[in-house]
Amino acid sequence: MNRLHLKKTFVLLLLPGLIFLLFFFLTPLLFVLVESFKGPDGGITLIRYREVLTDAQFRLVFARTLKMALIVTPIAVLVGYPSAYLMTKLPAAKKSILMSLVILPLMTSPVARTYAWIVILGKYGIVNQTLTSIGILKEPVRLMYTEGAIIVGLLQLFLPIMILTLVSAMENVQDEVEEAALSLGSGKAGCFFRVIVPLSFDGLIMGVTLVFTGSITAYVTPAILGGAKVLTLSTLMRQEALVLMNWEAATVIAVIMILTTLILYNGLRLFKPRTLV
Amino acid sequence: MSFIELTNIDAGYIKGKPVLKGFNLSVEKGELVSLLGPSGCGKTTTLRTIAGFILAEKGMVGVGGKDYTNLPPNKRNIGLVFQNYALFPHLSVYENVAYGLKRRKVEKRLIPEKIEDVLKLVSLTGFEERLPAQLSGGQRQRVALARSIVIEPDLLLLDEPLSNLDAKLRDEMRAELSRLQHQLGITMIYVTHDQIEALSLSSRIIVMNEGNIEQIGTPEDIYERPETPFVARFIGFDNHLDGQFVSKSEEELVVDVNGTTLVSSRFSGSLDLVNNGDPVELYFRPDDTKLLDEEENNSIKANIDYANYQGNTTQYSLHVGESNLRAIVSGKPVPADVKSIRISIAPDKLIVEKKE
Amino acid sequence: MKKSKLLIFITIVMFVFLLGPFLVIIISSFSNNAVMRFPPEGFSLQWYNKVLNIEMFRTTFWMSLKTGLAATLTALILGVPVAYTNVRYRYPGKSALEIFFSSPAIVPGLVIGFSLLRFFIYVTKIPVLTGLYLGHTAILFPYTVRVVSASLRNFDRGIEEAAVSLGSSPVHAFFAVVLPNIQSGLIAAFILAFITSFNNVPVSLFLTGPGVATLPIQMLVYMEYYFDPTISALSSILIVLTIIIIQSAEKLLGISKYM
Numbered sequence: 002m003n004r005l006h007l008k009k010t011f012v013l014l015l016l017p018g019l020i021f022l023l024f025f026f027l028t029p030l031l032f033v034l035v036e037s038f039k040g041p042d043g044g045i046t047l048i049r050y051r052e053v054l055t056d057a058q059f060r061l062v063f064a065r066t067l068k069m070a071l072i073v074t075p076i077a078v079l080v081g082y083p084s085a086y087l088m089t090k091l092p093a094a095k096k097s098i099l100m101s102l103v104i105l106p107l108m109t110s111p112v113a114r115t116y117a118w119i120v121i122l123g124k125y126g127i128v129n130q131t132l133t134s135i136g137i138l139k140e141p142v143r144l145m146y147t148e149g150a151i152i153v154g155l156l157q158l159f160l161p162i163m164i165l166t167l168v169s170a171m172e173n174v175q176d177e178v179e180e181a182a183l184s185l186g187s188g189k190a191g192c193f194f195r196v197i198v199p200l201s202f203d204g205l206i207m208g209v210t211l212v213f214t215g216s217i218t219a220y221v222t223p224a225i226l227g228g229a230k231v232l233t234l235s236t237l238m239r240q241e242a243l244v245l246m247n248w249e250a251a252t253v254i255a256v257i258m259i260l261t262t263l264i265l266y267n268g269l270r271l272f273k274p275r276t277l278v
Numbered sequence: 469m470s471f472i473e474l475t476n477i478d479a480g481y482i483k484g485k486p487v488l489k490g491f492n493l494s495v496e497k498g499e500l501v502s503l504l505g506p507s508g509c510g511k512t513t514t515l516r517t518i519a520g521f522i523l524a525e526k527g528m529v530g531v532g533g534k535d536y537t538n539l540p541p542n543k544r545n546i547g548l549v550f551q552n553y554a555l556f557p558h559l560s561v562y563e564n565v566a567y568g569l570k571r572r573k574v575e576k577r578l579i580p581e582k583i584e585d586v587l588k589l590v591s592l593t594g595f596e597e598r599l600p601a602q603l604s605g606g607q608r609q610r611v612a613l614a615r616s617i618v619i620e621p622d623l624l625l626l627d628e629p630l631s632n633l634d635a636k637l638r639d640e641m642r643a644e645l646s647r648l649q650h651q652l653g654i655t656m657i658y659v660t661h662d663q664i665e666a667l668s669l670s671s672r673i674i675v676m677n678e679g680n681i682e683q684i685g686t687p688e689d690i691y692e693r694p695e696t697p698f699v700a701r702f703i704g705f706d707n708h709l710d711g712q713f714v715s716k717s718e719e720e721l722v723v724d725v726n727g728t729t730l731v732s733s734r735f736s737g738s739l740d741l742v743n744n745g746d747p748v749e750l751y752f753r754p755d756d757t758k759l760l761d762e763e764e765n766n767s768i769k770a771n772i773d774y775a776n777y778q779g780n781t782t783q784y785s786l787h788v789g790e791s792n793l794r795a796i797v798s799g800k801p802v803p804a805d806v807k808s809i810r811i812s813i814a815p816d817k818l819i820v821e822k823k824e
Numbered sequence: 724m725k726k727s728k729l730l731i732f733i734t735i736v737m738f739v740f741l742l743g744p745f746l747v748i749i750i751s752s753f754s755n756n757a758v759m760r761f762p763p764e765g766f767s768l769q770w771y772n773k774v775l776n777i778e779m780f781r782t783t784f785w786m787s788l789k790t791g792l793a794a795t796l797t798a799l800i801l802g803v804p805v806a807y808t809n810v811r812y813r814y815p816g817k818s819a820l821e822i823f824f825s826s827p828a829i830v831p832g833l834v835i836g837f838s839l840l841r842f843f844i845y846v847t848k849i850p851v852l853t854g855l856y857l858g859h860t861a862i863l864f865p866y867t868v869r870v871v872s873a874s875l876r877n878f879d880r881g882i883e884e885a886a887v888s889l890g891s892s893p894v895h896a897f898f899a900v901v902l903p904n905i906q907s908g909l910i911a912a913f914i915l916a917f918i919t920s921f922n923n924v925p926v927s928l929f930l931t932g933p934g935v936a937t938l939p940i941q942m943l944v945y946m947e948y949y950f951d952p953t954i955s956a957l958s959s960i961l962i963v964l965t966i967i968i969i970q971s972a973e974k975l976l977g978i979s980k981y982m
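Chains as they are written, first to last, in my numbering: chain R, 2 to 278; chain Z, 469 to 824; chain A, 724 to 982.
Quick caveat, the hints were computed from the structure, so don't treat them as lab data.
Glycine included, every Cβ here is placed at the ideal spot set by N, Cα and C.
One thing to keep in mind: the hints can contain errors.
To be verified - Here are the simulated lysine-lysine pairs, BS3-like style, with alpha carbons at most 30 angstroms apart:
1) Z:534 - Z:485
2) A:789 - A:980
3) Z:483 - A:817
4) R:96 - A:728
5) Z:534 - R:8
6) Z:483 - Z:543
7) A:773 - R:124
8) R:189 - R:273
9) Z:543 - Z:588
10) A:728 - R:9
11) R:96 - A:980
12) Z:483 - R:273
13) A:817 - R:95
14) R:68 - R:90
15) A:974 - R:96
16) R:9 - Z:526
17) R:8 - Z:489
18) Z:489 - R:9
19) Z:485 - A:817
20) A:817 - R:8
21) A:974 - R:90
22) Z:483 - R:8
23) R:8 - Z:543
24) R:189 - A:773
25) R:8 - Z:570
26) R:9 - Z:588
27) A:789 - Z:489
28) Z:570 - R:9
29) R:230 - R:90
30) R:95 - A:974
31) Z:534 - R:9
32) R:8 - R:124
33) Z:489 - Z:543
34) Z:534 - Z:489
To be verified - FRET-style restraints, in silico, Cβ to Cβ:
35) R:187 - A:793: 52 to 58 angstroms
36) Z:482 - R:98: 44 to 50 angstroms
37) R:57 - A:967: 47 to 53 angstroms
38) R:176 - A:910: 37 to 43 angstroms
39) Z:508 - R:186: 49 to 55 angstroms
40) R:187 - Z:563: 50 to 56 angstroms
Next up, chain R with everything else stripped away, as it sits in the complex (with noise of 0.2 angstroms):
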């Protein structure tokens, strides 16, 4: 009797989670799922995809997407990892505020943090500004609506989440690992390289992950940056679906965008280290 009133307390708990997302997450992503395979007749079909897959702004649009993910990842990792090191370093107080500050850009709004980048590249911006009278450019250059702004836009809102998977990865390897490994003879930088590294190879893979998979996805750093010039994989299928009112074209590209980014997630996975002791 009382086992079965465990139970039913464990079922209320769960279940009413669950039905939300299994209604209200679920069901649509698996009907776009079977409408990417309707044809024109409503029938079960590839014609979809032949479609998008073949076009050729489809796949100028899907590799700029890739390429400018696989610009930004390394970045934010080569510039995370000393910040996040550092950081970790610091006494409680002022790692704090640091790590507030490092928050900051996450949780502001993603239109006022981008709009940010058009006053500093916009024709009359900082950059544009200062070249020109410094004398190095004649005239302003256009740096808005070009790939290198979006990749700007993109680390300024991937290196905090990079920084933040590090620390946290990074705090669970004790000090007293550290010390043992420079007692034994390491140096600074062998330390970092041989044992923090390794340890917190954990943290990287998901940062890494989080930042590559978020860079394809990302959407108002592209709309405002790159605008209708250049188009991302989510600006696209946006274009898609509310311009264009191509539904077709964008159930495709929204299957694409889950596809990879699962197969993103779980590739990556696999370059997670055993467990350590």
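Here the structure of chain R is known, so what remains is to put chains Z and A in place on it, guided by the hints.
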């Protein structure tokens, strides 16, 4: 029917196997019984089954004549004291102690007096408004005790309540617990891995190992007359020798160890069916191991490996054949050139068990 | 020592990069001039005035606020029990379910918004506002579940058991003894979720209609037609609000440890 009765219990499943299988336990009213044993022996499982946090797959749990088997823990009239006190951090001492009374819908006007009484009992008068964070470990444990006593439970279950305290505090709290138990006459089941606690507090000790009861007895029974090799080893009969059965009478057992004859007056019933030449095991305490120069009764030759001066006593590492032994003897170490010596053990301090 | 200097340098450059743009925006919002140039000319509060007077910004602000509150509360009410089962129960298929509950964070927001639009608005024809609310609630699940799970995990199970042994039903014990002690986790979850909802673009993008639009979407629309410091002013307001909330949250709760 005892006051607490566990009958044929299967409970505490780890990886599909029950920790307790066909387990039986009886505790009389007013006793303080200790469940003593190493980690994983099932003592905590037993406690939690009585408390109701583990539901027995089979068997019956009876407390005070009531069948508790299927009763949820909040309906059992049992007090629980945990290793890390488990005080409600957001409530004052007063509120913590009042909690159980409120749940039982005790009349509001009676509560303050009950709390005042119980706090006096645990010497915490004046601490009513303090928060747990403002209390020391010992004080917290006393609040935990007060909280579970004030509801006048049928039974008090204590799960290693003193493990988190430092040695001196532990001694003090032990004395307190003993006093409280005698004063109130509450039945207590006390789980511990610490022999000294068990020996000093209990009216009876139940030694457990791997889900089974190895021995039940008074502290003296357990300490002086362990009945199984496990209990012997657990309770400090660290020295172990292998030997062979020679003969047995009512009061004496004669064994042969590598050609030396030794006599024991402590042997268990398992030796009733033993024949001449069958292997047996001998157990004795380092403290009971005496050193001799010449041959004397009940002695055997041993080789000295180390002698460690310990002030009042000397600890010797010895070996007899392949067996390593320790002896703790009062006085200074023997001269360094003495390489072998005879050790002797009084017959009533030498336990003999059948070899498993 | 050399390494430390390099480290410090990299870190400083990084912080300048991350936070500099915010300063730029705030400074440029005080410009006297409609042209988006930096440094701005003159000093004027006209853009702030304009922001506060544009009705669309006000209405969409309230919309974002309402949606955020509703979605966050729902995600908490549904998510806290789930977090509890995560921490206190073991059952077959648990890790699969854990992944399922975090999946709204993995699936691109754009896809979620799109699928909600296609399925609910077009097929089942529920109102856009409801769709917006549902979409936001779904994406907030991972936050509420994860943060509350972390809080619960740190909560000594013995305290719950003590309450039960003293006579509380498990439900009563939860409300009387667990909830009061995971307050900071709950608040952190609330703040994180609310901010996520308020700032969300990808889901809100598709779930917009007559009378239904969130503030970020409205800002994007405005930016398509106008190019003046109005958005700078609005952005500055949002940035300062965010700073205040995050700093207080960090000081009071140490919110960074929940992220």
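Taking the numbered hints from earlier one at a time, note which ones the structure violates and give those numbers from smallest to largest. Those not satisfied are hints 10, 13, 14, 24, 26, 27, 29, 32, 38, 39.
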